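A.B. asks: In order, the protein sequences belong to chains A and B. Counted the way our numbering counts, the first sequence spans residues 32 to 145. Counted the way our numbering counts, the second sequence spans residues -9 to 101.
Some hints could be false.
To be verified - Listed below are the simulated DSS-like cross-link pairs for lysine-lysine, each with C-alpha atoms no more than 27 Å apart in a straight line:
no., chain 1, residue 1, chain 2, residue 2
1, B, Lys96, B, Lys42
2, B, Lys100, B, Lys(-7)
3, B, Lys100, B, Lys42
4, B, Lys(-7), B, Lys44
5, A, Lys40, B, Lys42
6, B, Lys(-7), A, Lys88
7, A, Lys88, B, Lys59
8, B, Lys96, B, Lys59
Don't read these hints as lab results, they were simulated from the structure. Computed from a prediction, not measured in an experiment: that's the story for all the values here.
The primary structure of each chain is shown beneath.
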Amino acid sequence: DSGVTQTPKHLITATGQRVTLRCSPRSGDLSVYWYQQSLDQGLQFLIHYYNGEERAKGNILERFSAQQFPDLHSELNLSSLELGDSALYFCASSEWTASTDTQYFGPGTRLTVL
Amino acid sequence: LAKTTQPISMDSYEGQEVNITCSHNNIATNDYITWYQQFPSQGPRFIIQGYKTKVTNEVASLFIPADRKSSTLSLPRVSLSDTAVYYCLVGVRGSNYQLIWGAGTKLIIKP
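My request is simple: use the sequences and hints to build the entire structure.
C.D. replies: This is the structure we're talking about:
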């Protein structure tokens, strides 16, 4: 158990809909990262937040947005869903210091768009 | 901007040492290299991290040559349970902070 929690575990929805995925980081971690992993594909880095501020963006679509709240939990919002958005979405957290950045991954949310 | 390249797949046998190399040109002095292991339908798990030369922990070693254009993850005496996908990550520090992930190497260990 990494200490990172993600809800829900599974989500089934229809095209055109909007969903919100939630992540709670490990206690003490200020950084949260979001990743997308399609079936049998590699990890696609989406976005990184540190203490409420966006630090880096990866291949995140304009239909997707994220935020990190004062209590450090984070939400990833996916809108106008398409079939191709079906994937595992991972959240990770880390301390993100000047010398180290070990990411601890949650169990993921499996999104199915029908 | 740094880019990472790693082999798509590798096979080995139980008890052997396995070395997986990641190429990453244009890497700066402060950029760090990390390796993760992922089993199907699970989140990746940290293996090892380093900046230069050699780092060793209880499960693996990481070798980074002086030119830092590549890094090699070394798994000693692998077992069937080491069958997984291994990802190389370059963390680009500074004002152009970015995370550059490799596409992953699927390692299959045979009995």
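A.B. asks: Next, verify each hint and record whether it holds.
C.D. replies: To see whether the hints hold, each was checked on the structure:
For a cut-off of 27 Å, the pair hint linking Lys96(B) to Lys42(B) stands: about 25 Å separates their Cα positions. Restraint check: the Cα-Cα separation between Lys100(B) and Lys(-7)(B) comes to about 31 Å, which exceeds 27 Å; the hinted pair is violated. Under the criterion of a C-alpha separation no larger than 27 Å, the hint pairing Lys100(B) with Lys42(B) is inconsistent with the structure, at around 32 Å. Distance restraint check for Lys(-7)(B) and Lys44(B): the Cα-Cα separation of roughly 21 Å lies within the 27 Å cut-off, and the hinted pair is therefore satisfied.
With a C-alpha separation of about 38 Å, the suggested pairing of Lys40(A) with Lys42(B) is violated against the 27 Å cut-off. Taking the CA atoms of Lys(-7)(B) and Lys88(A), the gap is near 16 Å; set against the 27 Å cutoff, the hint holds. For the proposed pair Lys88(A) and Lys59(B), the alpha carbon gap of about 24 Å is at most 27 Å, so the pair holds. Distance check on the hinted pair: Lys96(B) and Lys59(B) sit about 22 Å apart at the alpha-carbon level, within 27 Å; holds.
Checked against the numbered hints given earlier, this structure breaks hints 2, 3 and 5; the rest are met.
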